[in-house]
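Q: Going down the list, the sequences are from chains A and B.
For what it's worth, my numbering labels the leading residue of the first sequence as 1, then goes sequentially.
For what it's worth, my numbering labels the leading residue of the second sequence as 313, then goes sequentially.
Calculated from the structure, these hints are not laboratory results.
The beta carbon of each residue, even a glycine, is placed where N, CA and C say it ideally should be.
Careful: at least some of the hints might be erroneous.
FRET-style restraints, in silico, Cβ to Cβ [what the hints assert, rightly or not]: (1) Val363(B) / Pro156(A): 26 to 36 Å; (2) Ile357(B) / Phe155(A): 14 to 24 Å; (3) Leu331(B) / Leu291(A): 24 to 34 Å; (4) Glu76(A) / Lys472(B): 35 to 45 Å; (5) His143(A) / Ile497(B): 54 to 64 Å; (6) Glu201(A) / Ile592(B): 36 to 46 Å; (7) Leu331(B) / Asn115(A): 31 to 41 Å; (8) Leu380(B) / Glu201(A): 43 to 53 Å; (9) Ile589(B) / Pro223(A): 34 to 44 Å; (10) Pro156(A) / Ile592(B): 34 to 44 Å.
Residues per chain, in single letters:
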Amino acid sequence: MSATSSAIRRPRISGLRRKEIAAGYLFLTPWIIGFFGFVAGPMIASAVLSFTNYDMVNVGKWVGVKNYSFILFRDELFWPSLLRTFKYAIVIVPTSLIGSLLAALLLNQGLKGTNVFRTLYFLPHLTPIVASVMLWGWFFDPHMGPLNTALRALFPTAKLPEWFRSPDWAMPALFIMALWGAVGGNNMLIFLAGLQGVPQELYEAAAIDGAGTWSKFFHVTLPMLSPTIFFNLVLGIIGALRVFTTAFIATGGGPAYATYFYALHIYNKAFRYFEMGYASALAWIFFFITLAFTLIQFQTSRHWVFYAGEVR
Amino acid sequence: MAERVLVSRVVPGSRSKSLAARRARLIGRGVLYIIAIVSAAAFMIPFVWAVFSSFKSPGDLTSYPPRLFPRVWHPENYVTVFKRVPFARWAWNTLFISVVATFGAVLSSSLVGFSFARFRYPGRDIIFLITLSTMMLPSEVTLIPLYILFAKIHWLDSFKPLTIPAYFGGGAFLIFMMRQFFMTIPLDLDEAARIDGASYLRIFWQIVMPLSTPALATAAVLTFIGNWDNFMGPFIILNTREKFTLAVGIRYFSSLADPDGVPTQHLLMASSLMMTIPIIILFFLAQRFFVRGIVMTGIKG
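So here's chain A without its partners, still in its complex pose (with noise of 0.2 Å):
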């Protein structure tokens, strides 16, 4: 990302040099509004509240680390809730990611009606998540749903799987649910902006030396590209430890807590029961857990993130 290059060098005399900055300004009013209004000031906020036990009814009143000492130490929701959603990050972040850099490598390669493909790949991403939360719940039906009348014809006499009704299959529904949505989406579109910035000599120079298919794929695709998976990673485990809207409409983070994520916690804490000053201590929490995660990657991201415009 190319925060500090390209500043923008005119010989200016100071007049005008003082109403650029006024007016550069001027222009940013709005990003200063919003960042103070609803982000660093809700910030502040909130690690404020996190101390306190503030419910939405009475004053709040100064607790100290209790909320934090209490979640950590004697809340039986929160480790298992945040084990949860690791386990359904690790699953779908290499799943959703290799599936949707197959696809953009697929869409990559001139097939006649690339288009409608690209077009079909980007259908279910298009499905609003509440409308195919609404398709795949019947879709799971344990006893109308399409597919397990279809397990049924096939293997008459199995135990067909509960899907969202059973503790131990709600988890592999919503796997298949999100790489529906996931494999086909914006990280699809992203790889294929990447796959094709990569320069095409690359490739013939690979040829040249003899490199087979194989060879090209690790030595210059993936080298040329792991800017934009890097990008991916990111963003893609934010999003995966954020789960919500998925597991809070098929199964309210049921049954018997089976989908009951880190945010359904955080969810329930603040709007169901108003524990405002606790479900703030979470969200603290929550953010560092993936202040981290950003931070490891970025530590880790120079021994295999492969810039071509950088200097070494």
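Got chain A sorted already, so can you dock chain B onto it with the hints?
A: Frame of chain A, contents of chain B only:
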């Protein structure tokens, strides 16, 4: 042969090919087509099944063995949806919120992106980095105080919390996207206009914005879909049934049983599809801009 999937692009007609190589290539292509078609079908199955189910009668839904096509077509299912729930009202609410919020987000992210792309001022690069890092901030951290704030100023159960914040920056992703795009527009145009005495605002409106149609369209489509799709925001903010958006409202058919105990899945499918169709149409209309916009503004910067 399947490993051809992994080549970025097959160089067409490169070098002389023996007959065997040519045949291998042909088979490889065939395999690719089969993979493409099969995977497209896999993506489409739930969708196609939902389309046909939305035309079925309640009895037909549960018939055994299951049939893809309805025995008798019931297009009136779509009318029934409007009778059971205030669907038109919800659709209007969703449209209103999406249009107002999208306009604000695109406009304000362009202004801010223009500031980052075209001006030099102290602190600019740091502010830009802060903007980018907010992309990684989980909204859970800011949601609770904002909810309390909205409750205090009596904005709950209104569209204000879902629209007005969009006018203040429109989010880091959009700002980044607009900035990246503006950077590709040659500075000479600005310079010439400056010499002619044009103000910065005029340069923004009459030079930079008209040249940015693909990026603006992409930003608008992404934001519109995001708003149309948004569940958590409206779900937390809105309480009155008449004020619901589609995302909140259509859960009715899954959470409530029909008074007579008759399955309502056909109505569920019909309402879900009616919620999806406008987005698909929008995508088709904007596809030309959309894909190009993502390619151009992509994250190679």
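Q: Please go over all the hints and tell whether each is borne out by the structure.
A: Hints and how they fare:
1. Taking 26 to 36 Å as the suggested C-beta distance range, the pair Val363(B) and Pro156(A) conforms, at roughly 28 Å.
2. Checked against the hint of 14 to 24 Å, the pair Ile357(B) and Phe155(A) passes, with Cβ atoms roughly 19 Å apart.
3. With their beta carbons about 59 Å apart, Leu331(B) and Leu291(A) fall outside the hinted range of 24 to 34 Å.
4. Between Glu76(A) and Lys472(B) the beta carbons are some 38 Å apart, a value that agrees with the proposed interval 35 to 45 Å.
5. Checked against the hint of 54 to 64 Å, the C-beta distance between His143(A) and Ile497(B) comes to roughly 59 Å, which is consistent with it.
6. Roughly 39 Å separates the CB atoms of Glu201(A) and Ile592(B), a value that falls within the hinted 36 to 46 Å.
7. Take Leu331(B) and Asn115(A): their Cβ atoms lie about 32 Å apart, and the range 31 to 41 Å holds.
8. At roughly 50 Å, the beta carbons of Leu380(B) and Glu201(A) sit within the given window of 43 to 53 Å.
9. Checked against the given bound of 34 to 44 Å, the beta carbons of Ile589(B) and Pro223(A), roughly 42 Å apart, stay inside it.
10. A beta carbon spacing of about 38 Å between Pro156(A) and Ile592(B) agrees with the range 34 to 44 Å that was offered as a hint.
When the structure is compared with the earlier hints, a violation turns up for hint 3 alone.
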